[in-house]
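As you go down the protein sequences, you meet chains A, B and C in turn.
Position one of the first sequence corresponds to residue 17 (this note's numbering), numbered consecutively onward.
Position one of the second sequence corresponds to residue 17 (this note's numbering), numbered consecutively onward.
Position one of the third sequence corresponds to residue 17 (this note's numbering), numbered consecutively onward.
Read the hints as simulated data drawn from the structure, not as lab findings.
Do not take every clue at face value.
As the list claims (entries may be wrong) - Below, a list of computed lysine-lysine pairs in the DSS-like style, where the Cα atoms sit at most 30 Å apart:
(1) B:Lys-196 / A:Lys-350
(2) B:Lys-350 / C:Lys-350
(3) A:Lys-350 / C:Lys-365
(4) C:Lys-350 / B:Lys-355
(5) A:Lys-272 / A:Lys-350
(6) B:Lys-350 / C:Lys-196
All figures in this text were calculated on a predicted structure; none of them were measured in a lab.
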Amino acid sequence: MACKCIMPDEMSKPLIRERGEGGSSRHLEAPMSDPGDPVIGILGTGDFSRSLARRLVASGYQVVVGSRTPKRSVALFPAEAEVTSQMEAASQADLIFVAIFSEHHSTLMPLKSVLAGKTLVDVSNGLHISQDGPSNAEMLADFFPESCVVKGFNTISAWTLQMGPQDGNRQVFLCSDSQKAKNSVKQICHRMGFIPVDMGLLSSSLEVENLPLYLFPSWRVPILCTLSLFIFFYLYNFLRDVLQPYITAGKSSFYKMPIEIVNVTLPSVALVMLALVYLPGLFAAFLQLWWGTKYNRFPGRLDRWLVTRKQFGLCSFLCAVLHAIYSLCLPLRKSARFKLINMAYKQVKAGVEDSWVDEEVWRMELYLSVGIMALGLLSLLAVTSLPSVASTVNWREFSFIQSTLGYCALFMATVHTLLYGWNRAFDASQYRFYLPPTFVLVLLLPILVLLGRLALFVPCVAGRLRQIRRGWEQSRHIRFTLPAEDCRNGLEDISNV
Amino acid sequence: MACKCIMPDEMSKPLIRERGEGGSSRHLEAPMSDPGDPVIGILGTGDFSRSLARRLVASGYQVVVGSRTPKRSVALFPAEAEVTSQMEAASQADLIFVAIFSEHHSTLMPLKSVLAGKTLVDVSNGLHISQDGPSNAEMLADFFPESCVVKGFNTISAWTLQMGPQDGNRQVFLCSDSQKAKNSVKQICHRMGFIPVDMGLLSSSLEVENLPLYLFPSWRVPILCTLSLFIFFYLYNFLRDVLQPYITAGKSSFYKMPIEIVNVTLPSVALVMLALVYLPGLFAAFLQLWWGTKYNRFPGRLDRWLVTRKQFGLCSFLCAVLHAIYSLCLPLRKSARFKLINMAYKQVKAGVEDSWVDEEVWRMELYLSVGIMALGLLSLLAVTSLPSVASTVNWREFSFIQSTLGYCALFMATVHTLLYGWNRAFDASQYRFYLPPTFVLVLLLPILVLLGRLALFVPCVAGRLRQIRRGWEQSRHIRFTLPAEDCRNGLEDISNV
Amino acid sequence: MACKCIMPDEMSKPLIRERGEGGSSRHLEAPMSDPGDPVIGILGTGDFSRSLARRLVASGYQVVVGSRTPKRSVALFPAEAEVTSQMEAASQADLIFVAIFSEHHSTLMPLKSVLAGKTLVDVSNGLHISQDGPSNAEMLADFFPESCVVKGFNTISAWTLQMGPQDGNRQVFLCSDSQKAKNSVKQICHRMGFIPVDMGLLSSSLEVENLPLYLFPSWRVPILCTLSLFIFFYLYNFLRDVLQPYITAGKSSFYKMPIEIVNVTLPSVALVMLALVYLPGLFAAFLQLWWGTKYNRFPGRLDRWLVTRKQFGLCSFLCAVLHAIYSLCLPLRKSARFKLINMAYKQVKAGVEDSWVDEEVWRMELYLSVGIMALGLLSLLAVTSLPSVASTVNWREFSFIQSTLGYCALFMATVHTLLYGWNRAFDASQYRFYLPPTFVLVLLLPILVLLGRLALFVPCVAGRLRQIRRGWEQSRHIRFTLPAEDCRNGLEDISNV
């Protein structure tokens, strides 16, 4: 349903295109080959090597492909690329891409002598994240000790090579023990329109091979956090709203489980998660105040927390939106209608002409409107967290939205919950099984955060923090190590988020 | 309401700026002109040539503009550009942009001798898509047989030239019969920050001229498909829910047409479209299993289908969202209120104290909650189909969202419909005019797709498919033509989407 | 909750990383240092200079950092960078970044002789927008008259330097009185992956220093406009719907203030704002018709208005969405339920079996469905105004969505309001305090705009306008100053938006 779906377009093209047909060449930059260019070899004839060959040719390189079945493979490659035997290719080129399975690297041993002194680029990946080596690249290096092995391009998919780097990630992570070999590969990256990223020595090739295998690492903690909060609050509400009436009064209201309980649980999760977005920033600020410097490293956990605030925020937003949808669904339900009609019935029987209760009306009108505003603010934050939007605002605008508006949203959401709770916190009958109403638990953290933020507004504290942020240190009074605008980047957000 | 609206900004600048004012130069890269640079000529003084001149100057070229009214035009161009007569400009420059209407190319005939042997870049466009030539560029080439005509830059708008390539599409599609001329234009593209895209010989200039005239070609089929499905289901529901009661019972419920019928139609369309997103992937997978290789080309239709899955998915998402909004509007309507009150009236008259029907309640609670989850998943898919988001995830994450979550969404939506249908499929009274309830028709395809996907999970089938995807072929057992990571791009998604 | 939140990651890395650890180097391009490269000096050891040093090293420059406390600072910089005394650094390098507070520039006076004839890059920012100089850069130039001062990089935050330019804004605004110095800095920009933007002479350094301090300048007018419209309509509705019944009938309906009044106000604002999006385009078109040329400059106000149409549109969209949410909340409210039950009670008492009023039902069904469609279209417009989406469509598609669909949305919204108003405009009882119903006021502008647009469709007018847009002028009949495709950019949208 996304670009993914247009890949087959790209990928199938080489499969379905007759040799020389220009169909997909539109996606390739233009040949600018000149004699001076180095000859580049590719071993292997898979989709990846085909796409690689196409882009190399497009970037003006002379390409020679080494295949075990040249005759058969030639049809798969662009006309400009020479397709020959592996031996032939290996001997012609000084820089060779090894585009075959790592488990078959050994089949290249016959080329050992020819490959000596040449640069081998290992583009292979592991099949699953592994924490202990040797990596494919290291094994390749063991096979060919006289060659300079460079790890790279494994994060680039065949379709990215075809589409050209303007789609998707442009970074190519490289590592090698030979700086010279690395540099020559970097040149090729630049010319193909990619951004080479130096990962240091070949020892880090394992990490490079893991890169494309990661599955949302930065989302793991926030999602786990959301889920556990959800489960906790769900059970808590289930206990109070379903089990308690069932046990005490034998009143079966299990029908509440799919929607009503969920709808009480979601906002609780949303609000707590939102508070968790701003909590670490406060911790950091207070730590810095305590240390009297910003040049100490934060404890690892706090640091990781600071890094994943965006994810926490988006999880909170998701819950908030779902909460809105669930709430709007309430009057849709048959159960709501039945209740309404039964109430009408009762009122008629009781002969009450007007059952209007002004307080209830006001309470609901208020917490609904405040809730809508909070949601609106959160949506703004979510929109500005889109990469393409975030990149169009300057730092000040960004911190305004993310911290100022963010705290407004937190405040609104807290008020929304307070109004929802109204005076029920002080109503004994609400303490079923001696359990306080959910919103009481929920409010603890947000109120704590808001108070903490207020504390940072106290002039003396704020002034001290500003000093520290500008590089001032308790220990030695160097005051000018930092350009002024630096207080609008980096650590600043720790204070205002 | 979008960047479009900021164009006048860019466009009007030249109109409202005094010569030399720096206003918009901020959007231009900086002059790095050095004597060695070629002189570039521009014929024509329209907005396009003005913007082109500005960017060329900004990229450090010496620009000479050929105008029929140099004195008057000079004020429109940046100070660094020389504005002179057409003849003068044509003779000074070796590479000349022809920025005048194609229908006025003939007026350049007097320059024929001067232009001989020089490179002419035709930036003009057709006014409507034409399938048979000659293209403007070809006609220009006929006028000036001794010049090398290059087609290009027609896809770049004046404001893109002004804003600089960081906004909008950076690709410049070039074609020419002279490789040398083409290469020199490519150099200019690169220096201006554009990405030249080689479209081959001048014969493809017609296609290039058509490019900016296309109106969502990839959306045509999906939208047509959506519309026809909509019309079919709308009529079907109209027949069952409005016409039938009217004819049989004379009960007029035409008021249902604007909302209720639409609200039954939309989810049907959404679900069928969603199934159509994943159907072609299954076809492809089974075809590959059947062939025993992935190196056969797919039938053209299947191929085009695979390419437009993203659009199918987004259409389905749109319908789903509208369905949600329509549903939420239901209790708003006067009609709903009237019904409710009348029901209350009846209940009172009938003296029924409690009209609660547990089964109906449960059914609704369940299908509502499942529906909300399905919508939530679809929204995730939609968000990740935003270019800027899609480019931040690696391949594995992408395929996880688009295929795994996608199938979850399809499954949820199917369950949602099943719960909605409940046991009515087996209720004779539902078969009005012998027509089965809508949801029965709707469910056929999704269930088919889900079963097909399940079949691919059967170990032996899955294993075989994996082999094939990794390049294994029934015919000859070459197993190592493909780097491992290739199973994470290109054709892979055919299997998991 | 957005990238902002990942900055600490980037920023804290230097703080929490042991020297030489490769952790964040992944975000840096690769060293390609060769002896020929110029040595670049940095004065100051703050976060900014650290990030700058890291990126310079990564881009292959030799970096020498001048610190007042070399021993202490060395640990903060990458191993490849030499950290020494300020004097030492100043003397070694020909191009020096001054990364210290502007108020401490004076402390560099001792280096004056050493810095003579060298290029100083001032990266400092003002602390608040100032309209009158001297700028920090100008003051620096006064301190070191023999050095060439270049202003720049102040818009780039330390984290952008660390992440690399692929995140956030890639433009580096430069200005200097020495073209030579400017060019050398430009080279560095290009090599670091940034796009240098020439802002001219040092006199414009004040503007450059203000750039990062702006807070949504283009949003000010639209938001002010939205707010004032909101306040006006809110008071108007309050007067009609709350105050009037209270005063005349003593009926207290103040509970309507948080939601119902807001919900009548929001759509009014949305519709008027939407009309304001398309009004300036009409003005521009009629002005051009009046002038008979497009080469006159528009009055400044109209011009600024044209530029902010996107913002007007998004404000209108926001109001429309809020209006939708508020409306969907209506049946949720206790007040709605009380009313319903009371109505039921009355009906029972009155013994009316069926209170169904067909006209009311139809009216509501119709205006709801039209409203939903209008909202759907607006959402499409909003999505295409996302930078990453807008950049994937060609000009024709863009103008189709923004103008054609945009006018459809305006039309739909107008019809929605008309249907909502129904015949109440002619109902005397609606004119409380002689004030016409809100929707009457609201409709004036949109209908005006739609009529104006229709006028432009009249063949003769349309033809004339097309001529003018293609460069034709009443005065002198030059008809071919403009390439055809130019009518698909720049001014075109003035006509179709």
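A quick look at each hint next to the structure:
1. B:Lys-196 / A:Lys-350: violated, 75 Å
2. B:Lys-350 / C:Lys-350: Given that 30 Å is the threshold and the Cα spacing comes to 17 Å, the pair holds.
3. A:Lys-350 / C:Lys-365: Judged against 30 Å, a Cα distance of about 25 Å means the pair holds.
4. C:Lys-350 / B:Lys-355: The given pair, whose Cα atoms are some 19 Å apart, holds under the 30 Å limit.
5. A:Lys-272 / A:Lys-350: Holds. A:Lys-272 to A:Lys-350 sits at ~12 Å (cutoff 30 Å).
6. B:Lys-350 / C:Lys-196: violated, 74 Å
Checked against the numbered hints above, the structure breaks hints 1 and 6 and satisfies the rest.
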